[in-house]
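Q: One letter stands for each residue in the lines below.
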Amino acid sequence: MLNSDAILIMGSNMAENHPVAFQWVMEAKEKGSTVIHVDPRFNRTSAVANMWVPLRAGSDIIFLGALIRHVLENELFFREYVLHYTNAPVIIQNDFGDTEDLEGVFSGWNSEKKSYDPASWMYEGAAQDGKKSSAPKASESEGGHTQHGAAAMPDLSKYKTDPTLQHPRCVFQLLKRHFARYTSEMVERYCGVSEESFLRVADVYCKASGPEKTGGICYAVGWTQHSSGVQIIRCAAILQLLLGNMGRPGGGIMALRGHASIQGSTDIPTLYDSLPGYLSMPKFGEESKTFQNYLAKYKPRTGWWNNYDKYIVSLLKAYYGDAAQPENDFGFHWLPRLTGDHSHQGYWLDMMDGKMDGLFVMGENPAVAGPNSGMERRALAKLKWLVVRDMVDIETSSFWRSAPEVQSGEVRPEDIQTEVFLMPAAGHAEKDGTFTNTQRLLQWHQKAVDAPGDSRSENWFMFHLGNLLREKAKKDPQPKNAGLLALTWNYSTEGPHQEPSAEEILKEVNGYTVADRQLVPGFTALKADGSTACGAWIYAGVFPKAGENRANQRASKDFYGHGWGFAWPSDRRIIYNRASARPDGKPWSERKKLVWWDEAAKKWTGNDVPDFVATKPPDYVPGENAEGDNALAGDKPFILHADGLAWIWVPTGLADGPLPAHYEPFESPVSNPIYPNQQVNPVAQSKTRAGNQYASSPDARFPYVLTTYRLTEHHTAGGMSRTLSHLAELQPEMFCEISVEMAHELTITPGEWVTVVTKRGAIEAHALVTPRVQTLEIEGKLIYQVGLPFHWGYTGLVKGDVGNDLIAISEEPNVRIMESKGLLCNVLRGRRADNVLGVKELLEAQKVAP
Amino acid sequence: MTISAFLTDATVCIGCKACEVACKEWNEVPADGFVWSGLSYDNTQSLGASTWRHVMFLEQPQTAGPQIADTKDPFRWVFLSDVCKHCANAGCLEACPTGSIVRTDIGSVLVQKDVCNGCGYCIVSCPFGVIDRRPVDGRAFKCTFCYDRQKAGLIPACAKACPTQSIQFGNLEELQERGNNRVHELRERGYEDARLYNPLETSVGGVHAMFVILGEPENYNLPPAPEVPTIYLKSAWTSALLSAAIAFVIACVAFAH
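Listed in order, the protein sequences are those of chains A and B. Mapping to the numbering used here: the first sequence position 26 is 26, numbers consecutive. Mapping to the numbering used here: the second sequence position 99 is 99, numbers consecutive.
Any given hint could be a false lead.
Unchecked claim - Where chain B lies over chain A, by a calculated footprint (3+ residues, C-beta under 8 Å):
1) 12-22
2) 764-774
Said to hold, decoys possible - With a cut-off of at most 27 Å between alpha-carbon atoms, the simulated BS3-like pairs for lysine-lysine come out as follows:
3) A:Lys447 / B:Lys160
4) A:Lys29 / B:Lys160
5) A:Lys289 / A:Lys310
6) A:Lys480 / A:Lys289
7) A:Lys557 / B:Lys160
These are computed hints drawn from the structure, not numbers from a lab. Please read these numbers as outputs of a predicted model, since none were measured by experiment. The C-beta atom is built at its ideal place from N, Cα and C for all residues, glycine as well.
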């Protein structure tokens with residue numbers, strides 16, 4: 001980021017939630033970079049940004065769509081980059097229909113199934129039947145976290161282009177047409193951003209483009225936690241590709257990670273649909289009946305993912321060791337199958353319906369951190385058993401005795417049959433391991449002190465729990481236990497508590513040759529024949545030989561920090577960095593050079609490890625039937641994609657369309673101005689049911705926009721901050737932020753108690769009246785926004801009402817995240833107890849036209 | 001002898017309060033009350049016996065604040081981490097009757113907690129309102145300048161924790177120069193009301209914790225012309241003696257009658 005000429009922070013309060021990373025923004029600003037912050041609230045990031053632009057929560061795609069339009073209409077795009085490195089010139093099939101023509105949905109819409117058939121979004125000429133095998137064809141676009149969403153990837157190696165960008169069905173023209181109505185006037189009317197402000201942002205940001213300049217975009221959950229979250233991020237991708245800001249120093253889209261190793265927890269996933277290294281969890285059904293079917297679906301003919309079989313076989317070898325043999329498909333059939341929606345929202349609703357017996361909760365506090373926490377607490381009460389591992393007795397482990405509904409007498413502890421086990425957990429300074437942070441950097445941390453009492457590490461807990469379960473399984477040799485018994489589960493242990501060796505686990509993650517157990521130097525050494533094992537292919541190379549734990553390197557030797565930690569893949573600090581050079585392999589400019597082709601040495605070289613086959617020349621042209629990376633030309637930097645191109649247009653892999661379209665949040669004060677017949681994302685799921693209901697849009701009962709956020713002083717639901725006096729005293733009580741005008745209208749005195757009500761519930765908070773929240777004018781109406789931090793709960797040194805009691809359980813269609821950043825609420829003066837009648841009236845009143 | 005100093009720069013502070021937390025953690029300073037103030041994000045409110053770093057949050061009704069170039073923001077939000085100034089002439093030290101408060105070899109002002117008897121003279125003598133007594137204990141406490149860390153070759157905990165180098169630590173003369181340069185640079189960049197707070201012209205004789213601020217020092221609870229109360233000693237004692245003498249004369253006269 002120190003290389004950025006402009007930094008756009010949107011959907012993130014970076015200074016507060018990522019203060020350590022934010023030092024680079026501050027340094028870039030000192031060096032002359034312009035920092036732009038677009039956010040509903042003026043927060044600590046806005047305070048130090050060069051520009052703050054307030055916008056209505058949930059109107060992001062109108063704003064970003066208008067930026068895209070601005071770039072296209074004013075021809076500000078980086079033409080050479082766009083032509084060579086993106087799919088802008090690619091021609092799309094002639095049966096594609098846009099939202100502009102189909103009243104807010106794309107072609108392929110099935111209103112019965114509420115899903116898309118993506119066939120018409122495909123490149124012209126990219127035959128879906130171009131696959132070698134009879135792979136099960138996806139009839140629905142699935143989304144998901146893995147493989148860049150490239151599930152059921154068809155053969156994208158063949159496509160037609162128009163290098164003049166004039167063909168009416170080329171991506172560029174489709175894009176231009178699609179965003180034509182996203183104008184600066186629309187921004188003024190529906191985002192609440194003045195045209196002047198918008199144009200200033202557009203002007204400043206679009207200048208950070210071209211051979212000499214770059215700009216970076218930072219976002220966090222202010223973008224993701226929307227019913228169109230993925231498509232908001234897609235807008236950023238389109239913008240950055242048009243401006244030529246990917247794979248170059250100072251460019252990129254920074255998905256800011258809010259806690260230690262959240263990146264790590266997607267790499268080696270806690271996600272329901274993903275295996276380590278973004279491999280796909282097999283879904284129950286045709287695709288996983290045979291290993292061949294599975295590979296046929298997930299292994300594309302061209303591009304880097306053509307190595308899929310090497311990575312999955314090596315993973316299965318790491319899991320099942322000698323039991324994984326070619327004859328039994330390397331134990332593929334022991335892997336669990338996805339049988340439905342196993343996301344947080346999905347299984348929590350299952351729990352609510354009594355379909356689950358037990359739950360392990362580790363590193364999370366869903367009783368106050370989950371959406372519609374009140375409902376989630378009621379679901380917990382339907383479990384037979386609950387294991388909570390944490391450093392303190394958090395709300396999730398004490399819900400049965402101290403939750404608000406228990407305190408109020410509505411729920412009685414003696415009626416809750418859940419058996420709760422609270423297992424004390426060790427903190428990160430009390431155990432060895434790695435953190436993987438935002439920039440994919442693995443950093444090793446050493447145990448500094450022994451954990452107190454019975455507190456143990458996660459490694460310890462899982463290893464010994466595994467041992468106990470395997471002991472039980474041995475006595476009960478049912479087929480379903482075969483996978484458990486086949487697991488390699490033989491880590492050496494040390495110390496009085498038999499702590500498994502974390503370094504040994506990292507070595508397993510790195511990968512090794514099966515025959516002689518030599519560590520592999522990188523993922524190119526992995527094989528599909530079962531001769532290698534690897535716990536996560538993207539991490540291969542972190543431990544290339546005995547005694548060389550590269551995550552533990554602490555001697556940075558250059559500007560990009562090589563020598564400090566290990567950035568996956570292969571210590572590449574900027575991914576897709578082939579794009580930092582021109583198609584002919586020379587740097588775009590001296591100022592922005594990163595990697596380049598050394599003609600004399602016949603290889604790629606530069607200031608970073610090239611994210612490209614080092615010896616593939618820029619003028620390489622693949623043969624007709626070339627496969628894998630060999631099928632990608634020497635000027636195709638985006639090697640993970642089957643076409644080697646960056647996708648302005650997503651032909652496959654997203655559940656809600658090839659281009660972003662603006663839909664209003666599930667609850668909104670306005671009707672969708674762009675697609676009047678399609679108020680919300682058609683594929684997003686509201687999960688409406690008793691206890692999880694929505695206001696109408698608009699709704700006179702709930703006239704204000706509610707958005708939730710975090711404060712720098714607390715850690716999410718507060719388990720690690722409300723229990724420590726040094727942190728708890730800094731933000732000791734629940735509050736909400738409202739504008740001066742709103743306080744005036746409702747005669748709210750600064751600091752007094754108010755009750756915030758949504759269709760899900762009511763909570764009390766102090767009113768923090770501040771000009772930092774501004775009243776916006778939308779369609780000539782004044783719209784008040786209410787900001788709500790969600791850190792409080794009913795245990796700890798400081799307590800308060802649970803902000804997440806107000807949020808609905810809903811699902812964005814691709815990654816199934818809830819919408820917590822744009823909702824509707826009402827605000828009543830006085831405490832919750834004083835407003836019982838008022839709240840009841842609001843929740844029971846019929847819909848009232850505004 | 002090297003004189004240690006802080007230079008705290010409001011123009012790069014992001015208000016994260018890491019300095020407050022790091023200070024409390026290292027120095028084992030207890031909690032200072034769980035009270036929500038409603039005053040912006042400032043729940044610490046002031047320096048005291050149990051708060052040795054305090055981040056201020058100033059919502060200033062100032063159009064086009066200089067840190068927000070080229071926009072029409074109706075206000076600016078400025079953060080500053082306040083701390084004991086370790087004055088060149090320290091009021092607390094001069095008032096301390098027990099010798100508990102001393103000048104250290106690094107030029108800082110240190111309360112020796114095993115000597116303090118809790119008389120409280122230092123409290124009224126501090127021109128900045130920094131030092132205070134801890135109610136449960138009775139003794140006076142304030143920033144130690146992490147004397148223990150410095151003697152062990154470490155920089156103070158607050159400076160170490162600051163993510164944006166808003167709190168800089170170093171040699172007094174060097175930081176004075178850096179502060180002046182920074183103000184010069186800021187003014188050139190359009191921060192017209194940037195200034196270095198270091199009251200050299202008053203009896204305090206300059207501070208070892210300087211601040212780069214925007215606008216008037218009063219906004220930051222920094223007195224524009226702080227004075228060490230002992231400068232009033234001579235006139236105070238003179239007046240007292242004179243009064244006593246006059247009273248004595250009047251008494252004598254009265255008795256004589």
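Q: Just pull the numbers of the violated hints for me, sorted ascending.
A: Going through the list in order, the structure violates no hint and respects every one.
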